[in-house]
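Protein chains in written order, with the numbering used here: chain A, 1 to 376; chain B, 377 to 742.
Simulated from the structure, these hints should not be mistaken for laboratory data.
In this text, all values refer to a predicted model and were calculated from it rather than measured experimentally.
Simulated pairs of lysine to any residue, SDA-like, Cα-Cα distance not exceeding 20 Å:
(1) Lys-680/B to Phe-624/B
(2) Lys-400/B to Phe-239/A
(3) Lys-400/B to Leu-234/A
(4) Lys-680/B to Ile-214/A
(5) Lys-298/A to Ser-365/A
(6) Lys-549/B to Ala-576/B
(7) Lys-400/B to Thr-238/A
What follows is the residue order along each chain.
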Amino acid sequence: MANTTPSQQTYLPGTHPDLPPPVSTSGVIGWARSRLFSSPLNIILTLLCAGFLWIIIPPLLTWGLFDAVWQADSRKDCWAQMDVPEGGACWAFITDRFRVFIYGFYPEGERWRVNLSFVLFVIAALYALYDRMPARRYGLWYCLAFPFLVGWLLFGGLGLTPVETNDFGGILLTMVLGVTAIAFSLPIGIVLALGRRSTMPVLRIVCVLFIEFIRGVPLIALLFVASTMLNYFLPPGTFFDLLIRVLIIMTLFASAYAAEVVRGGLQGIPRGQYEAADAMGLTYWKTHRLIILPQALKISIPGFINTFIGTFKDTTLVLIIGMMDPLGIGRSALADAEWAGLAREMYLFIALFFFICCFSMSRYSLHLEKKLDTGH
Amino acid sequence: MAVLFAVLAMMVRNVVVNLAAIGKEFSFGFLFTPAGYDITFSPFIEYTSRSTHLRAATVGVFNTLLVAASGIVLATIMGFILGIVRLSSNWIANRIVYVFIEFARNVPVLLHIFFVYGLVVILLPAPKKAPSIWDLFFLSNRGFFVPSPVFESAMWIVAVVLAAAIILTIFFKRWAKKVQNRTGHRYPVFWISSGAIIGATAIAFIAAGMPLTWEIPVLKGFNYKGGMSIKPEFIALWFALSYYTSCFIAEIVRGGILAVSKGQTEAAYALGMRPNRTLQLIIIPQALRVIVPPLASQYLNLTKNSSLAIAIGYMDITATIGGITLMQTGKEMETMLIVMCCYLVFSLTISALMNWFNRSIELKER
Chain A
1 MANTTPSQQT
11 YLPGTHPDLP
21 PPVSTSGVIG
31 WARSRLFSSP
41 LNIILTLLCA
51 GFLWIIIPPL
61 LTWGLFDAVW
71 QADSRKDCWA
81 QMDVPEGGAC
91 WAFITDRFRV
101 FIYGFYPEGE
111 RWRVNLSFVL
121 FVIAALYALY
131 DRMPARRYGL
141 WYCLAFPFLV
151 GWLLFGGLGL
161 TPVETNDFGG
171 ILLTMVLGVT
181 AIAFSLPIGI
191 VLALGRRSTM
201 PVLRIVCVLF
211 IEFIRGVPLI
221 ALLFVASTML
231 NYFLPPGTFF
241 DLLIRVLIIM
251 TLFASAYAAE
261 VVRGGLQGIP
271 RGQYEAADAM
281 GLTYWKTHRL
291 IILPQALKIS
301 IPGFINTFIG
311 TFKDTTLVLI
321 IGMMDPLGIG
331 RSALADAEWA
341 GLAREMYLFI
351 ALFFFICCFS
361 MSRYSLHLEK
371 KLDTGH
Chain B
377 MAVLFAVLAM
387 MVRNVVVNLA
397 AIGKEFSFGF
407 LFTPAGYDIT
417 FSPFIEYTSR
427 STHLRAATVG
437 VFNTLLVAAS
447 GIVLATIMGF
457 ILGIVRLSSN
467 WIANRIVYVF
477 IEFARNVPVL
487 LHIFFVYGLV
497 VILLPAPKKA
507 PSIWDLFFLS
517 NRGFFVPSPV
527 FESAMWIVAV
537 VLAAAIILTI
547 FFKRWAKKVQ
557 NRTGHRYPVF
567 WISSGAIIGA
577 TAIAFIAAGM
587 PLTWEIPVLK
597 GFNYKGGMSI
607 KPEFIALWFA
617 LSYYTSCFIA
627 EIVRGGILAV
637 SKGQTEAAYA
647 LGMRPNRTLQ
657 LIIIPQALRV
667 IVPPLASQYL
677 NLTKNSSLAI
687 AIGYMDITAT
697 IGGITLMQTG
707 KEMETMLIVM
717 CCYLVFSLTI
727 SALMNWFNRS
737 IELKER
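Just chain A, with the same shape it has in the complex (with noise of 0.2 Å):
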């Protein structure tokens, strides 16, 4: 059989022809041949997804940077300002409202108290999330400290004046739902995670049909209740204002998610570490303490932050309720004849305040998982 491929052909030592260099695997040709057009499917891929960029991105960066107005005292105004009416993004009725926005209807005078709790809060968090913080122990006392401070600063009392809560609302509504229902969901999803799984058959069961009922429960529904019908639970005569009660079912609620975690935590710790503790004759408690939930927290910190990231993004509900969060804020300012119909500036704002916080927040996670990853 004939066969008359080139390999078939001999050559004496150092007189072979030259190859052309190999297909460049490095530099920015080599990346995109490997990375954007290794084969027909992926070519005919590239151009389609880049053309859908072509598509999206100028027109998206005209309307909301280039042909965007940022200061205006109306809509017509910002039609005005255009070269195109409503061409352009209208950031002015953002402007305009940025301080409702924010403080929500909290008395002019009083907003200091807010700043002071945002900046109290910033200094709680980084005392909270970075170790390499200056006298972190007293930090982090004060971290425990932080929400009955604040709650004090907020509300009011004690020479403080009072503040309704009705007057509660934007970012600063949503910060007090978010960093309550978060800071107490950790310590009761302890306690009911360790509830599931204690010996004790009655303890047991309480502590699962409460978590298993939470978890099947849309938020919405016990937002209703908590709005029309917690009263009836308590003694009569007694009273709670409606952000205390959205409060606390937002907190039992975030804890249900919470002892989930904290079970799978405890779930990953080998049975040896408990019987090593008994040999040691530790109590339960001590057991727990030093042994268990160092372990077990370390190891459910991400899933941690994912329930965090939920629950601040479920602080949103609270509207269905006619409680005033961001959203509720925007939805109420569009009702407003001078900025109506501007639903897009309002909705993409507060989108990416969301995304900022939760993103950082799964990113945060992301960082945590890496340094406290000590396996080999």
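With chain A held as given, fit chain B onto it using these hints.
Only chain B this time, still in chain A's reference frame:
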């Protein structure tokens, strides 16, 4: 322990005392009184404002189930596509999907629902200017109008034949599997069974004298008459819930496929399997074991999130009995009890189904 029981007993006593104090009694009698409000979207059940609250609740249950089921289907399809694109080596497609996923899942679902609803209502034209496909399908801001099937009495023959064909196919599949295990001979099961199902149904349909006509939507005044209409509230809720959940599913799918070690693929290639058979027989069955448990919890989340329907006026169970009925009758205890029981039943059913599916695909250790 005693404290716990004391607290529970206190709560029950408080409820009794408080209800007595404001003169309300605990009864479900209101369910059988006329509801007196309209529900615009009730594709399965006849409903008028003179129907009872119980019927309104039933309409709500069906609407919740409809949006949850269709949402689960669409979210799964979109989630798998997005997850696979996230794994592709194509840099630009990969980045676009990454940006979309990160943006969509870090923004509250309520905002997505409002936004999509706004888009649907603003962007779609009024019925008079609605674009149509062959004058059969119309897409307007009053909803998506499609021809509705009108079944004649002989249709049951076709239904029986279809059911019989499906049952026979299942038996054929089992038998083919047995033959393959015994002799190694493979029948083209997919082609034979789909041919049998479609062919048999088509023959029955023609033999019964084509007992099916279509009612086509026609523009009358400001809206369409006749045909089936899918309301903009449903479209917005369905689409927003689906793409929001699909972002979480995409990450789950990506994680699941990455969890199958590369050695599995290499071993399959070493045995001479083609890439698509490798994916079908080696990668996907193993990835599913990782994917299914978190997927189940996403399905539960989608079902619970469908309660946000109330924000845009889609009449699901929360909006009918937990919303309007509660406001009208003032029976907070009873209505919320019904709503919660419904969601608990949905959740438990989905968990049970997914657990059953999970057991059927999990690693069989002998």
